[in-house]
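Whole structure, please, built from the sequences with the hints as guidance.
2 protein chains.
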Amino acid sequence: MTRLSEKDIIGIFSSALGIADLDDVAEIPLGKKALAFKCDMLVGMTDVPEQMSPRQAARKSVVACASDLAAKGAKPLAAMVSLGLPRSITRGYVEELARGFQIASQEFGVKIVGGDTNEASDLVIDCSMIGLADRIPPRSGAGPGDIVVMSGLFGYPASGLAILMGSARATGQFRKQAVDSVLEPRPRQDFAVLAPLFSSSIDSSDGLATSLYEIAAQSRVDIHVDYEKVKAAGVDEFAQANGLDLQKLVFYGGEEYEIVATIPKKSLPKARALAKKAGIVLHEVGAVKKGTGRVFAGKSLLENRGYQHLA
Amino acid sequence: MTRLSEKDIIGIFSSALGIADLDDVAEIPLGKKALAFKCDMLVGMTDVPEQMSPRQAARKSVVACASDLAAKGAKPLAAMVSLGLPRSITRGYVEELARGFQIASQEFGVKIVGGDTNEASDLVIDCSMIGLADRIPPRSGAGPGDIVVMSGLFGYPASGLAILMGSARATGQFRKQAVDSVLEPRPRQDFAVLAPLFSSSIDSSDGLATSLYEIAAQSRVDIHVDYEKVKAAGVDEFAQANGLDLQKLVFYGGEEYEIVATIPKKSLPKARALAKKAGIVLHEVGAVKKGTGRVFAGKSLLENRGYQHLA
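Taken in sequence, the protein lines are chains A and B.
Last residue of the first sequence: number 311 in our numbering, and the count goes up by one each step with no gaps.
Last residue of the second sequence: number 311 in our numbering, and the count goes up by one each step with no gaps.
It should be emphasised that the hints constitute simulated quantities derived from the structure, not laboratory data.
Note that the structure is a prediction, hence the values are computed from the model and not measured.
Label pairs and their computed distance ranges (CB to CB):
{"id": "1", "chain 1": "B", "residue 1": "50", "chain 2": "A", "residue 2": "7", "range": "27 to 33 Å"}
{"id": "2", "chain 1": "A", "residue 1": "144", "chain 2": "B", "residue 2": "87", "range": "38 to 44 Å"}
{"id": "3", "chain 1": "A", "residue 1": "272", "chain 2": "B", "residue 2": "11", "range": "47 to 53 Å"}
{"id": "4", "chain 1": "A", "residue 1": "196", "chain 2": "B", "residue 2": "50", "range": "50 to 56 Å"}
{"id": "5", "chain 1": "B", "residue 1": "87", "chain 2": "A", "residue 2": "240", "range": "31 to 37 Å"}
{"id": "6", "chain 1": "B", "residue 1": "75", "chain 2": "A", "residue 2": "265", "range": "41 to 47 Å"}
Note that beta-carbon positions come from the ideal geometry of N, C-alpha and C, so glycine has one too.
Here is the structure:
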C-alpha cells in the first residue's frame, strides 16, 4: 500500500465532512460580521529545529493563526492553546513556553483565553484563534485583469532552514535574516488593512507556488508573477554559493507567512494610498489572466507542489 | 527536582498570561451575546484505551467540547480539528477517524469547518469549538441556599476503565454501561436548556470532587452533596465485588461529561418544569451553604483531587 500524503488525508476528511471549499480559515457568518476561525498544530519532531528555543516554539505556534487571520483582514478576538508535553518536562521549559505565549499575545494583540494540558511523547502545541471581519476575502475571487500583490518577498525561511540544518552556509545580514525568518517569523498583520480591497487572498505558509495555485484553481484563472519581483534580496547569491536550487527556495519553501492577494485594477490607487498611509510596502508582482488554474513565473509554468507533512 | 503536575503547569501559564478566572470555557463578549470558546486535546497514549476504535477516538475528541459548551448553555457554532498522525497511518484508519468526526458532527449538531494535519509520533487530536449563548453561567455564582443539580450520576467511566484495563470484572448491563461510558461517552446537550437558571455550572470531566471544589472555591461557599444520590446504579456492588474503593469510582474518576450546576431555590419549580418538558432527569443532589470552599459528601469532607495529566 502506498503511504498517505497530507493531501490524501485532507481529501478523506473533506469528503466525509462535506467541506467543499477548503480554506485555511473558516468563515462563520455572524449577523453583519464574519467570524474567522483557524487552528494550527506545531509538533516538536517536525516543526521545531533544535536551535529553536521553547519561547520561540510557543510564539511560532501562534504565528500561523495570526498570519491567516491577517490574510483575511480579521481582527483577532481570542486564542486558545492545547498543549501536549512530555512527562520529563522541566519548570524552566514550561516557563519559557509561557513566556513565548505571553510575547505572542502582546505582539499579535490577541488574548489567550484558555487551553488544555496533556501528557504526550513529544511537544505538541495547537493554537486556535477566532477573529472578526466585515467580510472575508475568498480564495475564489480573483478575476482576469486583477493585480497580484504580496506583503513581502520569498526565500528566507527555506534558506534559513538550510543554514540551521547545516546543509548551507551564509554570513552577515543575510544569515541573520534567513535564520530569524525560521526562529522568529513575522506575520504581516499591518497588511490586513488592505483586505477590504482583496478579490482573493491567502497566507503563503504552505509555499508560494501552492498558494498561487490555490487562488488560480479556485478562481479558475491563470496567474503570472514576475520571478525577479518575488525573490528576496540575497537569495540568488545564497543559492549559487551553496549549489541550491533558487526556484525551490523561492517557490517551494513555505512558512513565509506573507500575504498573497489579488486586487482589481481599479482599486489599485486606493491600495497604494492605504499602504503608504500604513507605512507598508505593497509588492505588485504579477497579473491575473483568463485561464485554467495555472501559475507562471515569467514564461515557466510552475509545478503545483509545496511543503506537505507526511509526504 | 520534583516533577511538574498539570496543576503546576496551568499555574505557570495562568500567571504568565494573566488569566485570573480559569474556566474550561472562555467567554468572549460579542454584542448582546456571549461567545463560548473551548479546546480539548486527545493523545493516543493517555486517552485512547486499546479497545477504543479510531472512529470512537475521533468522536470522543469532540465530546469534551460539546459537553463543556452544554454546561454553559452555549449552542455550538463550529468546530475545528487539528490532527497529529504517525507516518505509518493507513487509509483505513484515516477513513475511520473521518467517520468518527462525521458522526460527532451530526450527533452534536456542530459543523466541523476545517483543521490542520501534521506528522506526529502518536495520535493527537485537538478539537476546538465555538458556541453562542445569551449568558454564560460562571463557576463563581453559587450562593448559600442554592440547590446542587446534576445531569446524571457518577461512577461508570472509572468502572469501565477498570474493566477495560483488566483490573476488574463485571457482567451484563452494568458492564455494558460502564464500558460504553468510556468508549462512547454521551455529553448532556439536552441539559443545556436549564442553563439560563444556573447560578454556577461546570462540566464534570475532571472528576466530580474537583468539579464541586471548583464551584465551592470560586463561589466562596461550602457544597454538601448526598452520596446516595450521586452514585450510579450498580457501582456500589461493582466496587465491593472487585475490592475497589467506591468513593474513588464516584468522586475521583472523571470523564463523566455530566453537567454539575447550582440553581437558586426560587428557580427550582421552573427548572423542574423545564426538565419535565424536555424529557430530562433533574438530579437534585445537594445544597450550597455559607462556607469557605469546602465540599462534603454526607458528613465527610472530600479530598480536593481529580484526574490530572502528568501527575
